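Asker: Read off the chains here:
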Amino acid sequence: MSLIKQLWLAILLVLLLATGGSFVLSTLSSKNYLAQQLQIKNSDNATSIAVSMSQMPKDPTTIDLLLSAEFDSGHYRYIGLRDPNGKVISERVNANSQTKAPMWFVKLIPIKVQPGIADIQDGWKQYGSIKLESDANFVIDKLWHATLLIAIWALAIGVVSCYLSGQILKRILKPLKEVVQQAKAIGESRFITIKEPKTKEFRAVVVAMNSLSNRIKKTVNEEAIRLDALQFQTNFDQISGLMNHDYFAKNINGSIGRTEYFNEGNLIISRLINLAEIDQKLGFVETNVLIKRIGNILEQLCKNNTSFICGRLGGLDFAVFCKKPMDAYAFGNQIKSELEKINRMEHTLLTAQFLHVCSKVKKEDNAALLFDLIHQAFDTSTNNNENSLHVINQNLMADYQNNDRTKWLRLLTSALDYKRIRLEQYPVISQTGALLHYESPVRLQLMPDGKWFTAGEFISWATQLKLMNRLDELVLETAVNMLESGSQPIGLNISASAICNPHFLETTTNIIKNNQYLAHRLYFEVPEQGVFDHLVEFRNFCSQLKALGCKVGVEHVGFRIGRLGELHDMGLDYLKIDVSVIRDIDSNQANQALLRGLCMIAHSIGVMAIAEGVQTADELEVLKQIGVDGMTGAGVRM
Amino acid sequence: MLISFTKNTRPISLCKTLKSWGLFLLLLSASCINAASCDFDKLGNLARSRYGEEAYKSISELNQLVRQLKQASDIEKLTQINNFFNRKMRFVDDIELWNKVDYWATPLESIGVQGGDCEDFSIAKYIFLKVANVANDKLRLTYVRAVLYKQDIKTVRGHMVLSYYATPQSEPLILDNLIPNIMPASARTDLSPVFSFNDKGLWVGNSNASSSSQASLSRWRDVLARIKADGIE
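Chains as they are written, first to last, in numbering that gives the first Met the number 0: chain Z, 0 to 637; chain F, 0 to 232.
A portion of the hints provided could be inaccurate.
As the list claims (entries may be wrong) - To list a few chain Z residues with every Cβ distance to chain F over 10 Å, as calculated:
id, residue
1, Asp82
2, Ile88
3, Trp123
4, Leu411
5, Val479
Said to hold, decoys possible - List of simulated lysine to any residue pairs, SDA-like, C-alpha gap at most 20 Å:
id, chain 1, residue 1, chain 2, residue 2
6, Z, Lys130, F, Ser191
7, Z, Lys124, F, Ser217
8, Z, Lys57, F, Ser169
9, F, Lys199, Z, Gln35
10, F, Lys199, Z, Asp82
11, Z, Lys40, F, Arg220
12, Z, Lys169, F, Arg218
13, Z, Lys40, F, Arg218
14, Z, Lys57, F, Ser191
15, Z, Lys124, F, Ser169
16, Z, Lys130, F, Ile74
17, F, Lys199, Z, Arg562
18, Z, Lys40, F, Ser169
19, F, Lys137, Z, Gln35
Calculated directly from the structure, the hints in this document are not laboratory data.
Just so you know, these numbers come straight off a predicted model, no measurement behind them.
Glycine included, each C-beta is placed from N, C-alpha and C at the ideal position.
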């Protein structure tokens with residue numbers, strides 16, 4: 000039974016005892032008081048009649064008259080005059096008196112009063128004795144009315160007390176509710192802190208829980224920052240602050256490897272051709288400053304455009320990869336003009352000269368091949384002395400332009416209208432091989448009975464044509480339908496723009512509310528970048544869906560490790576570690592250390608760590624040893 | 000052998016003793032329904048602690064007297080008790096003795112201070128006649144109008160005597176402190192009765208004097224309660 004109910008019971012009991020007790024006591028004491036008064040009246044009246052009779056002539060008429068006068072004008076039930084031998088001389092009995100009180104009351108609280116008795120003298124002789132009983136009915140009436148009144152008052156006081164106790168109880172227990180909520184939150188690994196309540200006992204509990212939350216937060220933060228530094232050391236170029244060659248290559252391969260989402264991209268390598276000259280003229284330190292500036296410019300670019308990643312492949316080469324289809328010339332020129340900014344920042348007459356080679360990236364490509372291809376282009380390039388842009392493999396954009404806007408609109412709309420939609424199922428398994436959920440990328444059949452297009456192929460058009468809301472709703476509906484017909488748990492990818500869209504959130508929660516019993520089999524995952532760029536919106540999204548019973552996770556974790564501590568109080572269910580950390584984990588000691596740290600962070604905030612993009616059995620083995628909770632990718636089969 | 004035998008028989012005899020005592024007590028209480036009982040030990044101790052050895056002696060004397068009178072006739076009881084109190088007490092006005100205009104003293108107080116006024120005499124005699132097994136019904140405290148001659152000047156004053164009715168119809172005998180001898184009412188031309196009473200109407204049934212507060216007690220009830228507290232019921 001809840002504390003509130005128990006307190007209520009206790010209060011009701013006490014109130015009942017107090018009001019009931021005082022009710023009974025006051026009735027009994029009134030009864031006793033009235034009975035006493037009646038007793039005194041009996042004996043006093045008997046005495047006064049006896050005194051007056053003793054003084055009077057004792058002829059029967061006078062005696063009779065006196066009795067009548069007394070009886071008729073007073074409240075008597077009985078007056079009797081008896082001679083010394085007990086023989087009745089004269090008596091009066093009132094048989095008509097009635098009480099207004101109900102019979103049960105009279106029986107329950109009987110008023111027992113002794114008759115008044117006094118002796119009458121006739122000179123020295125005994126004349127007789129008078130015995131009288133007062134009429135108790137008027138006393139019973141009085142008592143009955145008083146009892147009713149007290150009962151009403153007791154009831155009124157009881158009701159008022161109940162109301163007041165309710166209010167007071169509410170006030171007292173208000174902090175308790177918050178304390179319980181915090182405790183529950185901590186139980187769900189949401190390490191939240193709340194304001195300390197004023198009540199001493201509650202405060203002690205909250206202080207303890209707050210300090211627990213703060214300690215967790217501190218540990219997680221420290222670990223996250225340590226890992227961030229570790230990652231920076233192993234995966235980033237120390238001078239420019241950009242990704243190093245291997246890590247950049249892994250990222251490209253990771254993007255291409257997400258076959259459902261990747262369709263076509265671009266890669267550009269910009270070579271700082273006069274680095275040797277700059278180094279000679281400016282010296283080592285200044286050159287490093289210049290390289291850092293170039294790094295900053297590229298980093299800023301990636302921040303503004305979430306489809307870009309950038310890296311430094313070697314001493315001379317800077318690279319930018321775009322994972323979305325884009326015109327190669329437009330992309331190349333964008334990077335070229337960004338890099339030219341560096342010359343406007345420099346005071347010296349010396350200018351940094353770049354040679355840019357840009358290539359489209361196809362599904363079947365990989366980083367090593369692309370790098371080779373581009374390096375060959377550098378080698379064969381004739382004009383090495385000016386800022387020029389070469390584009391290789393640029394033909395595909397034309398295909399897209401052929402499929403013009405209206406055609407795409409028609410195709411997408413018809414696919415959505417006729418619900419030609421399918422959710423793929425890629426298993427995410429636990430250490431023991433049990434299914435955790437299915438990753439379910441969406442596919443659309445643009446033409447009836449035609450090819451099923453992957454998200455990577457249509458998502459940029461759907462975004463441009465503002466069909467994403469419709470698509471998202473349809474995906475959720477489809478997922479719900481699948482779950483209704485008995486599917487295993489389904490994980491859905493939610494974009495940053497979706498969590499920022501209140502309409503999407505409303506529709507989503509409504510759909511789930513209507514199918515509440517399926518909620519625990521719905522997993523929503525948002526990319527790490529989107530989470531940290533829109534932390535407030537994500538927090539809201541997370542709390543609403545968690546409240547409905549859904550699972551929420553973050554995917555592609557590995558780029559903003561230093562900020563993972565900020566997730567400590569959200570009650571997330573899982574983190575999916577990006578393929579760039581997972582790839583070749585079996586041979587990469589540094590990434591093993593990084594992953595161990597990530598698992599530790601995840602576990603200390605009660606979150607599962609899941610490895611993305613697992614390909615080989617060796618990777619699987621090492622991942623299990625490290626203590627990852629779940630795995631997914633091409634190498635994972637049910 | 001002998002010892003163990005004694006041990007064995009002892010509880011039986013104790014039991015018998017208890018039984019016979021219980022029976023005795025039962026009979027005693029039954030026979031005393033109408034009469035008052037007096038705890039003379041308590042009364043004596045109270046007298047000694049409050050008034051000294053003299054008072055204690057008086058109580059012992061009284062105890063002796065009551066015991067002697069157990070089998071005596073009513074007349075004998077009347078005479079002895081009347082004489083006892085007339086001997087032990089002087090007539091003193093309440094104002095002198097108790098510093099109150101009218102104070103009804105208990106027999107213990109009266110014996111203790113060796114004095115009292117008319118109602119103190121009457122009360123003491125009434126109480127101890129009852130203790131000596133004279134039926135309550137035969138006794139009345141009677142307010143009388145008394146005609147006195149002080150230095151041959153006739154004065155009339157309120158007075159109280161104890162009347163004894165051998166039967167309800169008979170002429171009463173008067174126990175008075177003014178005239179020490181017991182005389183029939185007709186011989187007492189100096190007295191004319193006004194009103195008489197005893198404790199009959201007061202202690203019927205549930206005689207719960209203790210349940211009513213002291214302030215609500217009549218003078219008569221009050222003195223009876225104090226007498227009870229002294230050990231006379």
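Asker: Hint by hint, note whether the structure agrees.
Answerer: Evaluated hints:
no.	hint	result
1	Asp82	8 Å, violated
2	Ile88	13 Å, holds
3	Trp123	4 Å, violated
4	Leu411	100 Å, holds
5	Val479	81 Å, holds
6	Z:Lys130 to F:Ser191	25 Å, violated
7	Z:Lys124 to F:Ser217	26 Å, violated
8	Z:Lys57 to F:Ser169	18 Å, holds
9	F:Lys199 to Z:Gln35	18 Å, holds
10	F:Lys199 to Z:Asp82	15 Å, holds
11	Z:Lys40 to F:Arg220	14 Å, holds
12	Z:Lys169 to F:Arg218	60 Å, violated
13	Z:Lys40 to F:Arg218	16 Å, holds
14	Z:Lys57 to F:Ser191	17 Å, holds
15	Z:Lys124 to F:Ser169	7 Å, holds
16	Z:Lys130 to F:Ile74	30 Å, violated
17	F:Lys199 to Z:Arg562	102 Å, violated
18	Z:Lys40 to F:Ser169	31 Å, violated
19	F:Lys137 to Z:Gln35	29 Å, violated
Violated hints for the displayed structure, listed by number in ascending order: 1, 3, 6, 7, 12, 16, 17, 18, 19.
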